[in-house]
Every structure is written in C-alpha cells, then in structure tokens.
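Heads up: the sequence shown at position 128 corresponds to 128 in the UniProt record's numbering, and the numbers run straight through without jumps.
These are computed hints drawn from the structure, not numbers from a lab. Ideal Cβ positions, reconstructed from N, Cα and C, are used throughout, including at glycine. Careful: at least some of the hints might be erroneous.
Ranges of calculated distance between the beta carbons of each label pair, as one might list FRET restraints [unchecked claim]:
#1 I21 to A167: 34 to 40 Å
#2 W55 to I106: 21 to 27 Å
#3 L128 to A101: 19 to 25 Å
For lysine-lysine, the following DSSO-like pairs were computed, each having C-alpha atoms within a straight-line distance of at most 30 Å [to be verified]:
#4 K97 to K141
#5 K141 to K98
#6 K98 to K143
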Amino acid sequence: MSQQIKVGSAPTGLTPYVRYIAEWFFWIALIGLYFQQTSHFGDEISNYRFGADGWPRGIALVALLGATFQLVLQLHSLRSGPPSSTVEHVEELPVSKKQWALRFMIFAWPFVFLYLTPRLGAYVSLPLFIVGFLLLLGVRKLKPISLVLLVVYGLTLLIFTRFFFVALPLGNEGTFYDINVAIIEFARLGR
Numbered sequence: 001m002s003q004q005i006k007v008g009s010a011p012t013g014l015t016p017y018v019r020y021i022a023e024w025f026f027w028i029a030l031i032g033l034y035f036q037q038t039s040h041f042g043d044e045i046s047n048y049r050f051g052a053d054g055w056p057r058g059i060a061l062v063a064l065l066g067a068t069f070q071l072v073l074q075l076h077s078l079r080s081g082p083p084s085s086t087v088e089h090v091e092e093l094p095v096s097k098k099q100w101a102l103r104f105m106i107f108a109w110p111f112v113f114l115y116l117t118p119r120l121g122a123y124v125s126l127p128l129f130i131v132g133f134l135l136l137l138g139v140r141k142l143k144p145i146s147l148v149l150l151v152v153y154g155l156t157l158l159i160f161t162r163f164f165f166v167a168l169p170l171g172n173e174g175t176f177y178d179i180n181v182a183i184i185e186f187a188r189l190g191r
C-alpha cells in the first residue's frame, strides 16, 4: 500500500471537498455519539448548576466547533488554491506494516486508557496515558516528556481537584484507590 502526494491537486479517488466533508461528518457522528452517551449521567448536582453532564457536553461543543473550524479552514485553503511556487509532482511513499501498526496503536491508545481508567483510577492512569502517547508519537527525550506530563497533569489536577472537584474514577483495585485518594488529598492541600 502506498500514499500518493501530489502537490496542488486532489488525491486519487475522492475530490478534496468530498474527503474533507466526509471527515467532518465522521467527527460529527463521533461527537454525536459522545454527546448522546452523556445522557446516562444527567443528574443534578446541588453545588454545580450545569449538572453531572455539563462539562462533558461542553467538551462535545468545543469538539464540534473545532471540527467545523477545521472544515472551514480546509475548504478555504482549497478555494484559495495552491501557492504559485508549487510544482506538479507525484511521489510514491510506501507505508510499511510497522507504520500501519504504529498508526493503529496511536488510534487505539485512548481506548486502552478508557479501559484502564476505571480499574487504575484517573489520577494513576493519566500519567501512563500521556507518557505512552508521547512515546507512540516519537518523543524520546526525557525533558519534553517531563514538561508535557507536568503541564498536562498539573492542569488536570488543578482544574478537576481544586476548581471544580469533578469526581473522576478512583479505581476498583484497593492499592490504586488508595494512591488516587492520596493524589487528590495532596492536590487539595491548603484549600
């Protein structure tokens, strides 16, 4: 199997307009499924006016806006045409089985995270997810991995334990439950 890159023209098979709109419909269907699933926990919370499904639906709305904005940018770039300095050139790039496996692992990694989170707890599984995802994306240096982990995990702790105190899963296993509770207590020190 190979990919064709042709500067200034459409990939074979689908026109770019159809491909971009099909991609947008895929994202809308995925977001719609996600939004529909939030109705399973639509309970009221006394001290949070948006309810238990408020922030997941907010994420769905942001994803919808992001997908739509991406579609608008892609259609705008198609209408403006390729830069005048581009040369028509077709280049075959073979995609090896290793590259396909890596692409599949990048796609499947969030599902592994979703599978592990109820068992290990969100505060234990999130660092594993972040580090694993960065490694799958090819980041190998310790400093970038540490900085991304520190920023993303720190913001997650700050937002979900200090500002909103959203009850993320704490894990089913005794040891992981205790570790998650200790992380929450540490993050809420001084409150």
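For each hint, the structure was consulted:
no.: 1; hint: I21 to A167: 34 to 40 Å; in the structure: 39 Å, holds
no.: 2; hint: W55 to I106: 21 to 27 Å; in the structure: 26 Å, holds
no.: 3; hint: L128 to A101: 19 to 25 Å; in the structure: 20 Å, holds
no.: 4; hint: K97 to K141; in the structure: 25 Å, holds
no.: 5; hint: K141 to K98; in the structure: 22 Å, holds
no.: 6; hint: K98 to K143; in the structure: 27 Å, holds
Of the hints listed earlier, there is not a single one the structure fails to meet.
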